[in-house]
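Student: Residues per chain, in single letters:
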Amino acid sequence: MIALRDVEFSYDGVRPALVVPSLDIAPGLTMVVGANGSGKSTLLRITAGVERPRKGTVSVDGRDLWRDEVAARSSLAFVPEHPELTPYASIADVLQLVARLRGATYEDVANSLDRVGLLEVAWHTVRELSMGQRRRALFATALLGDPRTVILDEPLETMDLGMRDLITAWTRARRASGATVVLATHDLEPFAEDVDSVIVVREGNVRVVAASDLGASRLVSLEKLAASSS
Amino acid sequence: MTSVAVEPEITPRDRFVALTKFHWAAGARVALRANAMVLGTVIFVFGSAPEALATLRNFLLGIVGVGNRSGPRMLLAAIAAGFAWTAVRRVLLGANGWMRALPIGGRAAWRAGVAALCMAQIAVASFIPLCVLMAGLVYRRPVDWARVASLFLMIPAVAATVLPSRRIYTRAIAAIALAMTIIGSWWTLLGCVAFLLFADALSPSIGSVRRANAGRSAMPRRSSPTAIWMRASWRAMRFEGIAAASALPIILGSYAHFIARNNPGIESSTVATVTRVTGALAVAAFTAALANTLLRTRQPWPWARSLPWSCARRVTIDAFVLGIPMILIPLGLWHVSGTSALIVAGLLPLGAASGAAALRLANRRQTGAAGETTAVMLVAGAAIVVSPWFALVSLAATPFVLQLGAHRERDEIATRWSELHHDASGDPGWLGRA
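Protein sequence lines correspond, in order, to chains E and W.
Numbering follows this note's numbering, in which position 64 of the first sequence is assigned residue number 51; successive positions increment by one, without gaps.
Positions in the second sequence are counted from 1; adding 14 to them yields this note's numbering.
By construction, these hints were calculated from the structure, which means they are not laboratory data.
Errors might be hidden in some of the hints.
For lysine to any residue, the following SDA-like pairs were computed, each having C-alpha atoms within a straight-line distance of at most 20 Å [what the hints assert, rightly or not]:
#1 E:42 - W:427
#2 E:42 - W:424
#3 E:42 - E:-7
#4 E:42 - W:422
What the simulated footprint calls covered on chain E by chain W, stretch by stretch (three residues with Cβ under 8 Å from a Cβ of chain W suffice, anywhere in the stretch; the number is not a length) [said to hold, decoys possible]:
#5 33 to 39
#6 83 to 90
#7 170 to 183
All C-beta atoms in this analysis are idealised placements derived from N, C-alpha and C, irrespective of residue type, glycine included.
Okay, chain E solo, but in the shape it has when bound (with noise of 0.2 Å):
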């Protein structure tokens, strides 16, 4: 469960990006949609405690995410958009940070490293992989341990037909086990029949639409919803 209470961020201090009076998110698959630059992965950033609101607080599970950092972030997985890794780390590096971190095992990091078929190049520092690569390896630190809270922001792009099947069995599986998936996309059909609740980004303001909402054709519902805002 996640939850924001008047949250307030700007990337200037003058022009707000976002702004959030009461958002919560429950359990099940919640779909992030608008158009670009609507602030969609700014709601995400802030969402998985990458930005910290100018106003507000952020929750995750009952514990805010900047007074209790690390209990907040402890079951809290999030693949951006961009790779953003450091390019003077190997994938190993990445991944056993993020598996001490969030006590996983060793032969964790092999196996997610093994799903992603990044085994082979475990070795490679971040900036001799392909933008492909970079983004396995980042889907590949949310393979580890448990994570009940997972925020992915276009998780299906530039991967191959491979990864997108593993991207959205795994996410179908996270949402079956009772976890809360927040995901931002603009390729809407694969996750349609699974969405919980949609939440449409406008110009910084968000809008909560229900999955009961979307009516019987859910994929056309949610192309509409993404049309109307932007």
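Once you've looked at the hints, dock chain W against the given chain E.
Tutor: Relative to the frame of chain E, chain W by itself:
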């Protein structure tokens, strides 16, 4: 009859000239500016010597005068290597990438690289005739022409030694040629020419070769998050970055040695004070330079903020990243005055913490992390000069500075940091932007 336009034939020489001109325009010319730092350091060190003119005379005569002293020539070779070394990264930008698609052979590319690095040593080349004139006209000593001629070969030998090659023995052969130029007889001169030609004949090409991790398992050893973060930070700073940051502190620290060694009757209390002054200045300079090196080279890694570790922990790790290389300062001062070196060591935790804290606001400042760090450390340094007991105050203040850093880390907007500064990675000196 129709006339057919004949394309002019492009000879290997044309290609070499074109590439050399490109290296000059794109890299070596810019590198000359960076060489000012090497030149400045050399002038400063010579000027700081107790008998500056006598030192200069010995140096010049050791380079071109009759005799078999090789110390000054080794020093000149090291200075030349410093010039070439600072130029390598600029000259080779793209040499391992798009330039490999150009219609030019590996040997020509290597020769052009050597030529560019020779140009970067222009200060050494112009110093040689000056040495000859000074030795003959001012000091009125005979000149050894074999040693003079060898000096001109020292420049390409240094360039070939410093230039990364895909064949490791190319540099080894060039290093032998360089050693022969340092000896400086007619025979070694011939040997040097032979070795340089040999290096050229092996058709080397520019660039470093990635060694296969044959002996390694797919997964590396287990590391703690702290070790991983520190390793990635030091890897980003590179050895060269840390070494460059240590240049000014070494000069400042060397004053304690100069003063203690060249004044036999000096009182121990004066030596202790001098050690504290130079040590405090060295700590301030080193902390500031290291913090800016880390700031410039390591991406802020915003994603890591979503992991279950606290802001305070990340700041503390950065303090260790900065603080561990600084241990060299009290170690270097130890044999001048052990007690004062310990007092200077007391400044290190505060220096490391203030550097880590300053990193968190650095993207909004033209001085990066250096300005704030220098200011804090100069105040702390002045305090321990007045009274060594202030070292304890400095230690006690460290947790508060770390707390300040953690507070800043929480409030930092990480998302746009990289766009504003690190995306211009082709310009390694964004801190100097107007």
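Student: Next step is simple, just say for each hint if it's right about the structure.
Tutor: Now the hints, each set against the structure:
{"no.": "1", "hint": "E:42 - W:427", "in the structure": "14 Å, holds"}
{"no.": "2", "hint": "E:42 - W:424", "in the structure": "13 Å, holds"}
{"no.": "3", "hint": "E:42 - E:-7", "in the structure": "7 Å, holds"}
{"no.": "4", "hint": "E:42 - W:422", "in the structure": "16 Å, holds"}
{"no.": "5", "hint": "33 to 39", "in the structure": "holds (count 5)"}
{"no.": "6", "hint": "83 to 90", "in the structure": "holds (count 6)"}
{"no.": "7", "hint": "170 to 183", "in the structure": "violated (count 0)"}
Consistency with the previously given hints fails for number 7 only.
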